[in-house]
Every structure is written in C-alpha cells, then in structure tokens.
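First to last, the sequence lines map onto chains W and U.
Each residue of the first sequence is one higher than the one before, starting from 1 at the first, in our numbering.
Each residue of the second sequence is one higher than the one before, starting from 1 at the first, in our numbering.
Just to be clear, a hint being listed does not mean it is correct.
Quick list of in silico lysine to any residue cross-link-like pairs, SDA-like style, CA-CA up to 25 Å [what the hints assert, rightly or not]: (1) K41/U - H55/W; (2) K3/U - S61/U; (3) K54/W - K40/U; (4) K40/U - G83/W; (5) K40/U - D81/W; (6) K66/W - G83/W; (7) K40/U - K66/W.
Just so you know, the hints here were simulated from the structure itself, not pulled from any lab data.
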Amino acid sequence: GQQVQQSPASLVLQEGENAELQCNFSSTATRLQWFYQRPGGSLVSLLSNPSGTKHTGRLTSTTVTKERRGSLHISSSQITDSGTYLCAMGPNSAGNKLTFGIGTRVLVRP
Amino acid sequence: DPKIIQKPKYLVAVTGSEKILICEQYLGHNAMYWYRQSAKKPLEFMFSYSYQKLMDNQTASSRFQPQSSKKNHLDLQITALKPDDSATYFCASSLGTFNYAEQFFGPGTRLTVL
C-alpha cells in the first residue's frame, strides 16, 4: 500500500535556527500537503504543493513528485513553531484521499 | 470564527454503546471527509463524500456509518463501540474531491471507549 515516511522523527532547535523536514512516499502522488498539529491535537494546513516550490511566511515547501520526495523548510524558527509537522500525499486516483506520515516532532528552545 | 465545527470535543463511551460525532463546515465546500488518529499511528483516511454521496470508503467495519443530512454536514455514527475505537476523529472538507483540492481539518473529537 501507499506509505509516507517522514524524517527526522524529532528535532530540537535553538530559536532562530533553520530546519529541513523530509517526506518520502512510496507511490506516485499528485501533491504533498503539509500540516502543523498543535500540542492540543488540532491540524492546520500549511502548504499544498503539487510540484516545485511554494512559500508562505517562513515556510518553504519543495515537492519533486517524480522522485517521490518533498521537504518543508522552516526559517528563523520561533518557540511557537514547536509541535508536530505532518506530511500527507494526495493520490493519483479519484477521491482525494490523503495518506499521512507519522510526523516530525519539533521543539524550539529559547 | 471556526469554519469547521466538530462536536463534542471529548467523548467517553462504554463498550457496546453507540455514539454520533458531529461535523459541520462553513467553507462552502462540496466534499467532506473523516479521518482517524489512534495513539502513535498516522492519521488514517476513513470516508470521503462529495455532494452528500459516498466517494471512497476505507473502513472495513460497517459499525462506522457516515450520515449527511445537508451538504455542509457529515456526521459519523459508530455502533457497538469497542476499546480499539478509541482515537481522535477528524472531519475535513475541500472544494471538491479532485486531487488538487486542499483539505482543511476540524479540531477533532477525542473518543475514549471504556
């Protein structure tokens, strides 16, 4: 079945440092969608990217669907960036079912 | 104002009982979904609906039944509850079920079955 692998599993940053989160997937995807999951559990959509590079604020998503990989770059990390970042792949079949990775847990320290 | 409402936020049930999880979206979307997140597991797709019709069902058990009374509502009825059903259930929506449609998630309902 389709699988999404995220790395690293966890990451500790000093405030102001940059970070790169990786996402690899086992089947052809039409896009990657990145989410931030708050410590309380709610999900926030960050970026949805079929291919190439997309930016929002301090976040940059890069997707290379042919190579079945993507990344999320966080620049100038802030304490409020702490939480879990989830990568989800969109299918190449109808229905728009998302397949999620287990996430990368990020802790930003002052 | 929250655009996707899920009720209740927390739910405790006894084994064998039946519960309904409520989801309403005010984004004007035509597609709605249910996902489940169990402890230490990835979010798992359950159902997708488009214009109130079932598009995809990845849940083996018939104990889980989505119900759509309006285009912006997709409730989830769970019968004969088991402790393994304990999880956080997320509702999501998107403009349509085409593959590039970005999905937006509700805050979740955390279900505990004793």
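Need the list of violated hint numbers for this structure, in ascending order.
1, 2, 3, 6, 7
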